[in-house]
Amino acid sequence: MSRDWPLWEVFIRSKGGLSHKHVGSVHAPDPELAVRHARDVYTRRLEGVSIWVARSSDIVASDPAQAGPLFEPAETKVYRHPTFYDIPDVVKHI
Amino acid sequence: MASAPALLREDQALIDYLLRLGDDSLILAQRLAEWCGMAPALETDLSLANIGLDLIGQATLFLNLAGEIEGAGRDGDKLAFHRDVLAFRNCLMVEQPNGDFAQTIARQFLFSTWQLAMFEGLTGSTEPRIAEIAAKAVKEVRYHAEIAAEWVIRLGDGTDQSRERMIEGFDWHWRFVDELFEGDALEQPLVDAGIAVDRAALRQGFDTTVNAVLREATLPLPEYPRGITGGRVGHHSEHLGHLLATMQSVPRTYPDAVW
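Read top to bottom, the protein sequences are chains W and S.
Under our numbering, the first residue of the first sequence is numbered 738, with each subsequent residue one higher.
Under our numbering, the first residue of the second sequence is numbered 299, with each subsequent residue one higher.
You may find that some hints are simply not true.
As the list claims (entries may be wrong) - Below are the DSS-like pairs computed for lysine-lysine, each with C-alpha atoms no more than 25 Å apart in a straight line:
# : chain 1 : residue 1 : chain 2 : residue 2
1 : S       : K434      : S       : K376
2 : S       : K434      : W       : K752
3 : S       : K437      : W       : K752
4 : W       : K829      : W       : K752
5 : W       : K829      : W       : K758
None of these hints come from the bench; they were simulated from the model.
Work out the full structure: start from the sequences and follow the hints.
Okay, here's the thing in structure tokens:
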């Protein structure tokens with residue numbers, strides 16, 4: 738049966754204030770059941786407060802063969818990192 | 299049932315009521331566990347197992363409470379694994395064989411729709427321990443009823459084969475619906491005292507929900523046959539004995555075994 742179902746990528750928000758994070762994928766016949774399947778597969782141990790699903794075929798990915806021109810130029814730009822600032826202890830997620 | 303003769307009449311009625319509630323959940327959980335590793339897809343396998351685990355949690359709470367009130371040293375495990383078939387008080391629907399996925403979904407939809415109404419009522423029980431269990435369980439059961447309804451709609455309004463199987467799945471179960479709404483002399487004093495829910499009063503809401511979902515699923519509306527009853531007083535179908543033989547075999551073979 739699952740052979741006939743499209744694949745959905747699952748994103749879970751673990752708690753309020755954090756962003757949704759990719760956790761895996763499920764098969765499901767439609768978006769509503771994809772959310773329920775994601776709930777049943779990925780939130781059994783209180784992992785989340787919110788679920789997103791998206792058709793895997795709708796995800797547009799970068800080309801691994803293009804990794805050089807895409808990412809390597811950033812390697813030498815250390816000044817882009819905000820490491821020259823002191824971050825207050827109260828700021829938890831940065 | 300080997301209950302202590304000193305039990306008050308109202309305590310005995312309460313114990314029986316708790317067995318009816320707990321055994322419904324326990325037996326259906328065992329049926330759902332039979333799907334584990336066998337369901338049509340990994341996702342549905344987990345869905346059914348999750349529902350089963352919720353039901354085991356409910357059964358544990360109801361049966362532990364029954365054992366506590368009985369005061370004869372039996373806890374939920376003892377009641378689940380060391381009781382014989384005639385002492386079980388579950389409705390006949392939950393002990394029915396799984397059949398195919400559609401037949402399992404038909405049972406889950408009918409049962410969870412009824413159980414949701416039942417537990418919503420029990421959250422207002424004047425017996426606070428029952429109200430507390432119902433308040434915890436009602437959220438679980440709402441999810442069960444919703445996902446089962448989603449499947450009824452998809453199978454009913456799906457392919458010719460899924461539709462045919464959904465109709466056959468319901469045809470197996472219609473005759474067991476009336477029992478869900480049947481009160482009796484044992485429960486009436488509990489209903490009068492606000493402890494138990496008046497089962498008959500839940501029927502109209504149930505019919506409304508079932509008909510609405512079947513319409514959305516483009517399925518024919520039910521024509522209920524004459525209902526079969528008896529589970530509440532221990533008159534079970536032949537299926538329950540086989541189920542218990544599997545469920546109870548390990549604890550009965552090794553009664554003192556621990557994890």
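These are the hints, each one checked on the structure:
Note on K434 (chain S) and K376 (chain S): the hinted pairing holds, with a Cα-Cα distance of about 23 Å set against a maximum of 25 Å. Distance check on the hinted pair: K434 (chain S) and K752 (chain W) sit about 22 Å apart at the alpha-carbon level, within 25 Å; holds. With a C-alpha separation of about 20 Å, the suggested pair K437 (chain S) and K752 (chain W) falls inside the 25 Å cut-off, and the hint holds. At roughly 13 Å between alpha-carbon atoms, K829 (chain W) and K752 (chain W) fall within 25 Å of each other, so this suggested pair holds.
With a C-alpha separation of about 17 Å, the suggested pair K829 (chain W) and K758 (chain W) falls inside the 25 Å cut-off, and the hint holds.
When each numbered hint is compared with the structure, no violation occurs for any of them.
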